[in-house]
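A.B. asks: Sequence:
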Amino acid sequence: MKYCEYPAIEENLRPLLSLVAEEMIACGSEMSLRQKVFIIVEELFYNTARHAYAAAPSLGPVRVTLHADMDAASLLIEDKGVPFNPLDLDDSNRLKNLETLTEGHAGIFLVKTLASSVTYSREDGWNKLQVLVTA
Numbered sequence: 262m263k264y265c266e267y268p269a270i271e272e273n274l275r276p277l278l279s280l281v282a283e284e285m286i287a288c289g290s291e292m293s294l295r296q297k298v299f300i301i302v303e304e305l306f307y308n309t310a311r312h313a314y315a316a317a318p319s320l321g322p323v324r325v326t327l328h329a330d331m332d333a334a335s336l337l338i339e340d341k342g343v344p345f346n347p348l349d350l351d352d353s354n355r356l357k358n359l360e361t362l363t364e365g366h367a368g369i370f371l372v373k374t375l376a377s378s379v380t381y382s383r384e385d386g387w388n389k390l391q392v393l394v395t396a
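Every position in the sequence shown, counted from 1, becomes a number in this note's numbering once 261 is added.
No lab work stands behind these hints: they were computed from the structure.
The C-beta atom is built at its ideal place from N, Cα and C for all residues, glycine as well.
Among the clues, some could well be false.
Here are the computed distance ranges between Cβ atoms for each label pair [said to hold, decoys possible]:
(1) E266 - P318: 17 to 25 Å
(2) Y307 - E283: 16 to 24 Å
(3) I300 - D330: 17 to 25 Å
(4) D349 - M292: 26 to 34 Å
(5) P318 - A396: 20 to 28 Å
(6) E271 - P318: 15 to 23 Å
(7) A287 - P344: 18 to 26 Å
(8) D385 - E291: 34 to 42 Å
(9) M292 - L350: 27 to 35 Å
(10) A396 - E272: 25 to 33 Å
(11) M292 - H328: 33 to 41 Å
(12) L278 - Y381: 19 to 27 Å
(13) D351 - M331: 28 to 36 Å
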């Protein structure tokens with residue numbers, strides 16, 4: 262298991278991805294699984310850095326916990342930003358009408374598409390997004 266906490270700024274994405282890569286390689290995970298996890302971590306961290314603390318007077322933390330093995334990875338992404346449940350977004354018709362596709366929420370759609378399951382909770386002032394990814 263790897264756990265880390267960074268201030269929610271885009272510059273911290275690179276060290277976070279390095280940590281994730283080290284852990285997943287050490288676990289012997291498949292390249293396809295690692296690629297899915299990298300995309301998901303990038304999208305969720307970037308969204309948090311960009312939106313979670315936009316109305317706050319100062320930046321807050323992003324916590325990432327990773328449990329991985331050869332066949333699966335479980336991610337817990339937490340922030341103390343404004344309450345936001347990305348699973349409430351209705352993107353069920355996102356790919357049906359590409360000509361009317363609007364900007365925004367594509368990262369959440371991608372996460373939900375790549376993940377085996379995604380759950381959200383708000384506990385003690387923290388947004389908690391639990392993501393399971395399988396090979």
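A.B. asks: Hints first: check each against the structure and report whether it holds.
C.D. replies: Each hint, compared with the structure:
1. E266 - P318: 17 to 25 Å: 20 Å, holds
2. Y307 - E283: 16 to 24 Å: 20 Å, holds
3. I300 - D330: 17 to 25 Å: 19 Å Cβ-Cβ, so the 17 to 25 Å window holds.
4. D349 - M292: 26 to 34 Å: 33 Å, holds
5. P318 - A396: 20 to 28 Å: 42 Å, violated
6. E271 - P318: 15 to 23 Å: Between E271 and P318, where Cβ atoms are some 19 Å apart, the hint holds.
7. A287 - P344: 18 to 26 Å: For P344 against A287, whose Cβ atoms are near 35 Å apart, the range 18 to 26 Å is violated.
8. D385 - E291: 34 to 42 Å: 35 Å, holds
9. M292 - L350: 27 to 35 Å: 30 Å, holds
10. A396 - E272: 25 to 33 Å: For E272 against A396, whose Cβ atoms are near 30 Å apart, the range 25 to 33 Å holds.
11. M292 - H328: 33 to 41 Å: Violated: the Cβ-Cβ distance is about 19 Å, outside 33 to 41 Å.
12. L278 - Y381: 19 to 27 Å: 23 Å, holds
13. D351 - M331: 28 to 36 Å: 35 Å, holds
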